Amino acid sequence: MNDWPTAQDVVQEEAETTADRPLARPPLVLNRRNFSWITERISGVIEQPAPRWWWVCFTITGTIAMFGLFCLGYQISTGIGTWGLNHPVGWGWDITNFVFWIGIGHAGTLISAILFLLRQKWRTSINRSAEAMTLFAVMCAAIFPGVHVGRVWMAWYLAPLPNNYGIWPNFRSPLMWDVFAVSTYFTVSVLFWYTGLIPDLATLRDRATTKIKKFLFGVFACGWRGSNRNWRHYEMAYLLLAGLSTPLVLSVHSVVSFDFATSILPTWHTTIFPPYFVAGAIFGGFAMVLTLLIPARAIFKLHDIITPQHIDKMAKIILLTGSFVSYAYTMEFFVAWYSGNAYERFAFWNRVLGPYWWYWWVGMLFCNVLSPQLFWFRWCRRNILVVYFVCMCVNAGMWFERFIIIVGGLHRDFIPSSWGIFIPTWVDIWTFIGTLGIFTSLFLLFIRFLPMIAMSEVKIVLPEADAHAHSPNGHHPVAAGGMERT
Amino acid sequence: MRTPAGHEVYAMGAEYPSAAALYEAAKMVRDAGFKRWDVYSPFPIHGMDEAMGLGKSWLSSVVLAGGISGLLTAALVEFGPSWGLYRLVVHGKPYDWRTVPAFFPIMFEMTVLFAAFAAFFAVLIMNGLPRPHHPIFNWERFKRVTNDGFFLVIEARDPRFTELEARELLERSGGQHITIVHED
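Just so you know, the sequences run in chain order A and B. Note that numbering that gives the first Met the number 0 numbers the first sequence so that position 470 is 469, with each residue one more than the last. Note that numbering that gives the first Met the number 0 numbers the second sequence so that position 137 is 136, with each residue one more than the last.
Hints were generated in silico from the structure; no laboratory data involved. Since this is a predicted model, take the numbers as computed values, not measurements. Even glycine gets a Cβ: it sits at the ideal position worked out from N, Cα and C. It is possible that some hints are incorrect.
To be verified - Here are the simulated lysine-lysine pairs, DSSO-like style, with alpha carbons at most 27 Å apart:
| id | chain 1 | residue 1 | chain 2 | residue 2 |
| --- | --- | --- | --- | --- |
| 1 | B | 92 | B | 26 |
| 2 | B | 92 | B | 55 |
| 3 | A | 312 | A | 300 |
| 4 | A | 315 | A | 300 |
| 5 | A | 210 | B | 55 |
| 6 | B | 92 | A | 120 |
| 7 | B | 142 | B | 26 |
| 8 | A | 212 | A | 315 |
| 9 | A | 212 | B | 142 |
| 10 | A | 312 | A | 120 |
| 11 | A | 213 | B | 142 |
| 12 | A | 120 | A | 300 |
Stated by the list, open to error - Label-pair restraints from in silico Cβ distances:
| id | chain 1 | residue 1 | chain 2 | residue 2 | range |
| --- | --- | --- | --- | --- | --- |
| 13 | A | 30 | B | 1 | 29 to 39 Å |
| 14 | B | 7 | A | 35 | 31 to 41 Å |
| 15 | A | 30 | B | 167 | 32 to 42 Å |
| 16 | A | 186 | B | 159 | 41 to 51 Å |
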């Protein structure tokens with residue numbers, strides 16, 4: 000009976016053995032926290048009454064969201080002319096916002112799916128909130144093409160159904176692919192997120208103090224009881240959902256880029272777009288993850304779970320994907336010159352020196368190319384203020400990038416007589432600001448009512464979760480077929 | 000089986016101090032030849048499937064079937080109208096099977112969508128969930144399973160189950176708080 004190591008012993012042993020291993024990886028959860036501490040700290044966030052700052056923030060973001068909803072209502076009831084769209088700029092802030100929001104979602108899926116397949120255990124501290132961010136970003140994204148159809152009650156034309164003449168939608172159109180890609184992305188993200196939530200909802204059910212909470216968490220936890228016969232299927236489902244989400248997330252922004260790449264406009268008609276868009280999406284998405292998590296970590300004192308190491312790693316991903324994006328920007332200019340196409344060359348000169356010159360210099364060059372270069376330095380990656388500054392630059396820069404691609408491509412048509420300029424109206428501006436309000440309101444509701452960190456997953460990265468390293472019979476090799484859960 | 004107080008017995012359970020202890024205990028129960036038993040933990044324990052003598056989950060085959068049905072559905076939805084119901088020539092492109100490259104994106108998305116639904120519903124159905132009530136919840140200590148508790152439970156339905164043998168085995172494997180769990 001007493002041969003068995005308790006959690007205390009395991010922690011002790013871990014402390015002793017890591018002391019003389021200077022190259023050992025730093026722990027993912029600091030200060031030797033145990034299982035119960037993780038449960039208490041993360042459940043505590045939602046079990047305590049809402050703090051005053053939460054109400055203040057929620058009132059502000061909720062009000063902003065209401066402005067957005069008002070603008071949407073006004074636009075739908077009055078007409079698409081309330082936006083600044085006109086010939087030749089038929090896609091303006093609306094599609095810019097769509098691409099901006101859908102791109103932000105990509106970081107959540109990268110963290111939850113791709114990093115899972117790559118066995119990156121540090122993802123466990125951030126995957127839940129990043130996935131939630133994905134869902135809210137995709138919701139905001141879906142608003143724009145939805146209302147951009149003009150007569151929103153005709154939006155069912157996007158569905159694979161015949162219209163009243165028996166004509167079906169054109170399945171060869173990238174816009175149709177987009178409908179399928181975005182709706183599949185949202186649905187699969189919801190399923191993946193909810194699957195991951197089930198064990199944590201069971202934790203909240205077992206801790207619930209009121210009947211209503213017990214009932215609601217009980218319903219959504221589906222009666223989960225942590226049985227290994229259940230975990231066996233659960234882990235397989237989780238692995239497969241990760242495997243399915245990986246090509247899915249790469250496909251979504253590729254398909255979004257096809258909306259542009261299959262057209263004939265200079266700066267749109269390029270083969271580099273799919274990887275360029277995907278890298279940009281992950282780049283912008285990680286910036287948004289950090290934008291949300293750095294304050295949340297400070298407010299809820301989650302420093303032992305979201306450690307400087309996590310922020311460091313996310314900063315490195317921003318640097319990596321930012322470098323992809325910088326490469327793509329450079330390559331676009333090179334190809335414009337190398338192609339010898341006069342329109343293409345003109346379009347890129349126009350990008351740098353035309354009416355939207357400062358969008359390029361500030362948005363693309365400073366925010367997206369130069370600011371992430373700070374992350375080459377460890378000091379910058381470990382300094383919260385620098386990290387936050389770069390993330391805000393990238394958030395803004397990625398919006399500018401999409402604006403430059405979309406409006407920059409449209410406002411100078413092939414014939415100078417059709418040239419124009421895009422001026423956003425107050426409806427354009429407030430609809431976009433409104434979606435920022437919707438997004439932050441939804442995120443505030445999420446951290447209030449659901450565990451923002453995947454408790455059952457963080458517990459796995461603790462040293463005492465390893466059933467093999469500390470058993471009395473010594474180390475057991477990992478048996479074939481056993482799935483490691485990261 | 001009933002207790003002297005007249006309760007129907009569901010199982011005998013024990014709590015273990017750590018994941019490693021539970022892992023070793025599972026191997027002992029497996030080797031003792033029990034079939035209707037389970038271990039419960041706040042997170043999946045690596046290697047526990049082998050320790051319990053369970054094979055690989057066959058959920059993957061359900062997901063494969065889901066994916067294939069998604070692919071076929073997409074092919075039907077795309078080729079049905081294009082080739083049969085209402086032939087539509089757009090951009091002078093072919094409408095028959097030769098148009099398939101332009102149909103790939105939707106085929107891919109539908110494959111993923113159906114496979115993901117298959118994975119989600121399969122994990123619930125194969126685990127017998129949702130199941131709001133389960134006899135194991137009658138055990139007060141069991142609440143810790145979603146926090147930091149590690150439990151091993153041998154059901155009374157197991158043909159090898161006798162109270163004496165189960166208790167002896169759970170004790171020998173290092174179990175604590177050995178308890179009879181009631182059915183109701």
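Against the structure, the hints:
no. : hint                        : in the structure
1   : 92/B <-> 26/B               : violated, 63 Å
2   : 92/B <-> 55/B               : violated, 47 Å
3   : 312/A <-> 300/A             : holds, 20 Å
4   : 315/A <-> 300/A             : holds, 23 Å
5   : 210/A <-> 55/B              : violated, 38 Å
6   : 92/B <-> 120/A              : violated, 48 Å
7   : 142/B <-> 26/B              : holds, 24 Å
8   : 212/A <-> 315/A             : violated, 40 Å
9   : 212/A <-> 142/B             : holds, 16 Å
10  : 312/A <-> 120/A             : holds, 12 Å
11  : 213/A <-> 142/B             : holds, 13 Å
12  : 120/A <-> 300/A             : holds, 21 Å
13  : 30/A <-> 1/B: 29 to 39 Å    : violated, 49 Å
14  : 7/B <-> 35/A: 31 to 41 Å    : holds, 33 Å
15  : 30/A <-> 167/B: 32 to 42 Å  : holds, 41 Å
16  : 186/A <-> 159/B: 41 to 51 Å : holds, 45 Å
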